[in-house]
Amino acid sequence: MHSLIVNEWIKIFKRPVTYVMIGLLVLGIIASGTLTKIYGDRNQQNQPQWEQQVQQQITQDQKQMSELPPTAVTYKKNLERQIAINQYRLDHKIPPATENTGWTFIKDSTSLISFAGLFTIIVAAGIVASEFSWGTVKLLLIRPIKRYKILLSKYFTVILFGLLMLAILFGGAAIFGFAVFGTGDGGSVHLAYSNGHVVEQNMLLYLIKTYFLSSIDVIMITTMAFMISAVFRNSSLAVGLSIFLLLMGGQITTLIASRYEWAKYSLFANTNLTQYFDGVPLVEGMTVGFSIIMLLIYFFIFQLLAFGVFTKRDVTA
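Position 112, counted from 1, in the sequence shown is what this note's numbering calls 112; the numbers after and before it change by one each time, with no gaps.
Keep in mind that the hints were calculated from the coordinates and are not lab data. Hints may contain errors.
Derived lysine to aspartate or glutamate pairs resembling EDC-like cross-links, with alpha carbons at most 16 Å apart [stated by the list, open to error]: (1) 77 with 200; (2) 77 with 67; (3) 37 with 80; (4) 76 with 61; (5) 77 with 284; (6) 63 with 80; (7) 93 with 200; (8) 37 with 108; (9) 77 with 61; (10) 264 with 284; (11) 93 with 51; (12) 11 with 261; (13) 209 with 108; (14) 209 with 278; (15) 107 with 278.
Build out the structure end to end from the sequences listed, making use of the hints.
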């Protein structure tokens with residue numbers, strides 16, 4: 001298995017497009033940091049006035065919450081979270097961030113996880129389909145190795161590539177962020193809202209956890225793209241559908257969840273595990289255990305389809 005994974009890894013890095021994708025990700029980090037440096041003043045507040053501004057924000061949020069219709073449950077919970085965090089700031093004399101630091105830049109760079117996910121999806125969509133389109137699949141399957149091992153090595157390679165892209169994103173954001181913005185307040189903490197309570201978290205551990213949990217969405221969509229590639233042998237279909245769902249799946253699910261409770265059984269209602277550690281569940285009654293079970297169900301469905309079709313298919317090309 002190890003030699004198969006190494007072979008797939010070498011094939012990925014023999015393609016110039018791989019280095020283009022890595023370069024674009026690094027360029028995205030630099031561009032984001034440059035724009036943040038030029039325009040991202042974070043509306044710096046005078047230190048003596050921050051309590052007054054936070055209190056005004058609380059009053060404004062409370063007024064807005066009282067005017068919401070009964071159906072706006074999710075939005076109301078988000079306002080409750082924001083009010084609770086701001087009240088905690090006042091009670092414990094913790095001012096909001098007034099300047100960009102390396103920590104805030106790493107946190108803001110989580111928006112680029114979808115960018116890294118896009119490149120991982122492209123690799124996942126082509127790693128099986130390309131063997132058929134290039135006519136190399138017969139050479140691959142005549143080897144004295146079971147088909148499931150060949151497919152499993154390809155899947156492991158895709159996941160390793162995705163982890164590499166996340167590592168480049170996190171490391172690049174840290175290097176650029178601390179070099180350009182500095183460390184700021186070394187004792188900075190993150191205020192998280194969990195189970196109706198505000199808790200202080202170590203910033204480094206919070207960022208690592210956030211990147212890990214945010215990658216779940218990418219891993220699931222990548223697994224789906226891999227399944228489509230193996231079943232339909234069509235990389236264009238896998239890329240197009242997977243990227244659409246990566247970008248729009250969460251938004252569509254949020255709209256449905258605002259009206260129908262059954263939305264909690266959809267894939268995208270459960271990929272955002274950060275909602276349980278620093279936010280509010282999309283549908284009332286959802287738990288982290290429920291979401292993990294749903295993700296495992298979808299994961300095994302995707303894998304059963306991919307391995308079931310690939311291992312039994314008659315290869316004619």
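The hints, checked one at a time:
no. : hint         : result
1   : 77 with 200  : violated, 20 Å
2   : 77 with 67   : holds, 14 Å
3   : 37 with 80   : violated, 32 Å
4   : 76 with 61   : holds, 10 Å
5   : 77 with 284  : holds, 10 Å
6   : 63 with 80   : holds, 12 Å
7   : 93 with 200  : holds, 13 Å
8   : 37 with 108  : holds, 13 Å
9   : 77 with 61   : holds, 11 Å
10  : 264 with 284 : holds, 9 Å
11  : 93 with 51   : holds, 8 Å
12  : 11 with 261  : violated, 45 Å
13  : 209 with 108 : holds, 14 Å
14  : 209 with 278 : holds, 11 Å
15  : 107 with 278 : holds, 13 Å
Checked against the numbered hints above, the structure breaks hints 1, 3 and 12 and satisfies the rest.
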